[in-house]
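There are 2 protein chains.
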Amino acid sequence: MTIRVSIDASGGDYGILVTIEAGIKALSVFQDLYLYFVGDESSIRTELDKHPSNTLSSRYAIIHASEVVSMNESPAIALRKKKDSSMRVAINLVKTLEADACISAGNTGALMAISRFVLKTIKGIDRPAIMGRMPTMTGHTHMLDLGANVDSKPKALVEFATMGSIAVKHTENITAPTIGLLNIGEEDMKGSEKIKKTAELLKTSNLNYVGFVEGDDIYKGTVDLIVCDGFEGNIALKASEGVASMMGYYLKQAFTRNLLTKLIALIATPVLKDFKSSLNSGKYNGASLLGLRGIVVKSHGSANVDSFLVAITEAYVEAHAKISDKISLQISKELEHNE
Amino acid sequence: MTIRVSIDASGGDYGILVTIEAGIKALSVFQDLYLYFVGDESSIRTELDKHPSNTLSSRYAIIHASEVVSMNESPAIALRKKKDSSMRVAINLVKTLEADACISAGNTGALMAISRFVLKTIKGIDRPAIMGRMPTMTGHTHMLDLGANVDSKPKALVEFATMGSIAVKHTENITAPTIGLLNIGEEDMKGSEKIKKTAELLKTSNLNYVGFVEGDDIYKGTVDLIVCDGFEGNIALKASEGVASMMGYYLKQAFTRNLLTKLIALIATPVLKDFKSSLNSGKYNGASLLGLRGIVVKSHGSANVDSFLVAITEAYVEAHAKISDKISLQISKELEHNE
Chain A
526 MTIRVSIDAS GGDYGILVTI EAGIKALSVF QDLYLYFVGD ESSIRTELDK
576 HPSNTLSSRY AIIHASEVVS MNESPAIALR KKKDSSMRVA INLVKTLEAD
626 ACISAGNTGA LMAISRFVLK TIKGIDRPAI MGRMPTMTGH THMLDLGANV
676 DSKPKALVEF ATMGSIAVKH TENITAPTIG LLNIGEEDMK GSEKIKKTAE
726 LLKTSNLNYV GFVEGDDIYK GTVDLIVCDG FEGNIALKAS EGVASMMGYY
776 LKQAFTRNLL TKLIALIATP VLKDFKSSLN SGKYNGASLL GLRGIVVKSH
826 GSANVDSFLV AITEAYVEAH AKISDKISLQ ISKELEHNE
Chain B
526 MTIRVSIDAS GGDYGILVTI EAGIKALSVF QDLYLYFVGD ESSIRTELDK
576 HPSNTLSSRY AIIHASEVVS MNESPAIALR KKKDSSMRVA INLVKTLEAD
626 ACISAGNTGA LMAISRFVLK TIKGIDRPAI MGRMPTMTGH THMLDLGANV
676 DSKPKALVEF ATMGSIAVKH TENITAPTIG LLNIGEEDMK GSEKIKKTAE
726 LLKTSNLNYV GFVEGDDIYK GTVDLIVCDG FEGNIALKAS EGVASMMGYY
776 LKQAFTRNLL TKLIALIATP VLKDFKSSLN SGKYNGASLL GLRGIVVKSH
826 GSANVDSFLV AITEAYVEAH AKISDKISLQ ISKELEHNE
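Quick note, the sequences are listed as chains A and B, same order. Going by the working numbering, the first residue of the first sequence is number 526, and it counts up by one from there. Going by the working numbering, the first residue of the second sequence is number 526, and it counts up by one from there.
There could be a bad hint or two in this list.
[What the hints assert, rightly or not] Under the rule of at most 25 angstroms between Cα atoms (straight-line distance), these lysine-lysine pairs were calculated in the BS3-like manner: (1) 728(A) with 680(A); (2) 719(B) with 801(A); (3) 787(A) with 777(B); (4) 722(A) with 787(B).
[To be verified] Some residues of chain A that are not near chain B, with every Cβ distance over 12 angstroms (derived): (5) 554; (6) 623; (7) 680; (8) 702; (9) 726; (10) 741; (11) 756; (12) 801; (13) 830.
These aren't lab readings, by the way, just hints derived from the structure by calculation. Glycine is no exception: its CB is placed at the ideal position from the N, C-alpha and C atoms.
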């Protein structure tokens, strides 16, 4: 079975400079992969010419799109006015079943809005949730929602857990992913009313729910999947990015304070590189929009080639595992059961 | 005017081993400081004997308390059963006006419960909020609530802003502290309904409200004061601690991988020390319980002598500035105005 992935080639901070090379790399890694490069045809062709790949050219197609959704564009405008954007055309290919998954490094809000409009959500799901991988001391974990949904009700949080559990199970080969609910204390009595109610629902579900986790558990790798409302999820993610930037800033400061420290930095270069690579967020690129009738993966806007390749891999693996169909099946079973 | 601070000497992970030495140091730094060391009298005396301080002995008193609240004790039990705990007796001294402020490194939940029971909250405030200092790339900022209040209503969030603004103004000498509301996007349309409502209230207030901030703004130092519900505040704080631990772990890993990297670590020791000191969370020790009829400062449980000294300094500065009275006055003015 060939896995067909449509790439919003013009999306992201670097557009085709990154997406084309990453796509070519992906084709050489996955022999059963077929790609649609969606964007300005002549620019894509020029970029492809830089990467001679005679044996690969039968495994991709260029789909022209005359517009681009910019990174700061209002999602509503992108949705209503840019019907021929590379993002929209790439998503259309999933809708028409020409592609098994779509990937974009473009504007997150626009990707959410257009995916939801074009693909629609699974019956029983109102808005898709964003699941991302987070580095931990022992490897990585998964967390959703990272910002697509605010004011989520307990029932919605349980749906996040269901969808995330299926995705982690099939993309990571974990039989029953352990699930933690993000809270501000591990005791049953702590937390908001909404979280207590959600915990009750999770306890009676078929999911492998293990209990409350706290903010620091994300990076300890306590569980395979952390469930939270998009408000807290996004704040935790952004605060984490903020601390990491600050620590990087102070580390650089310490090593560039004077001539001696600069010399020490030179000596320590391999160690610092090793440190950086263990924290390389690019290794965890590729967030999944779960709950759609189709697979859509969001790459970080500033992804480089290697990191965009990681996100293409995520789309490829999800398409292979038919994540969207599996989630749809499970949610519809639960709806029937509750009717 | 002498500033009298009561110290829960037995509180925290290290108890009198840390609190007494820090107290003695504080007395030599602040000439107008008087201390109450509250805890087991004979243990305190033995510890004090290790720090001969003939000239200082007129500036402190030992107040015996027969019990200690343990770090994992239920706040309800601590409140109901341990009426002669060092924590409770230290707070009682603020109630009886024998002390101008109290400081404890003990169990946060118990400190909240006992402070609230003994001192009561300011009229119009239901529960105190916890304000802490956070390191930034440019210095430090303040954030509240860090976990005392969940499901806070917009009105309560505005009270946090009022209390925090007064505290920052008078302890940091900033005429009109800039205030940001923690949200998941900077645009007006983003965020939960509660946050949008709160923003409307803050815009019409007399506070120096500048708008929404995101999680990464905490560490950029975008504003002087960040306001949020205790649920998000605690998650942001814990997630940040988690990232910092993980980065520290990977940095150590990189430097201890083999003999060569260990040698490099040796050479880089002064730089790594410099880096650690710039991030030293002990410099920001001392969270304020705002909204009480009295000043209560919470030290981190694992604080060392220097870091506990920072927290004593916070209590001293707040007592000097009569933070609690100033907050009470402002809140009562606003209550009258709204009646």
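Hint check:
1. 728(A) with 680(A): Roughly 13 angstroms separates the two Cα atoms, so the pair holds.
2. 719(B) with 801(A): Given that 25 angstroms is the threshold and the Cα spacing comes to 39 angstroms, the pair is violated.
3. 787(A) with 777(B): holds, 20 angstroms
4. 722(A) with 787(B): Cα-Cα ~50 angstroms, so violated.
5. 554: The claim stands: residue 554(A) keeps its Cβ more than 12 angstroms from every Cβ of chain B (closest is about 27 angstroms).
6. 623: holds, 33 angstroms
7. 680: holds, 17 angstroms
8. 702: holds, 20 angstroms
9. 726: Residue 726(A) is indeed farther than 12 angstroms from all Cβ atoms of chain B, at 18 angstroms.
10. 741: At about 3 angstroms from chain B, residue 741(A) fails to clear the 12 angstroms cut-off, so the statement is violated.
11. 756: The claim is violated: residue 756(A) sits with its nearest Cβ about 6 angstroms from chain B, within 12 angstroms.
12. 801: violated, 9 angstroms
13. 830: For residue 830(A), whose nearest Cβ neighbour in chain B is about 24 angstroms away, the distance exceeds 12 angstroms, so it holds.
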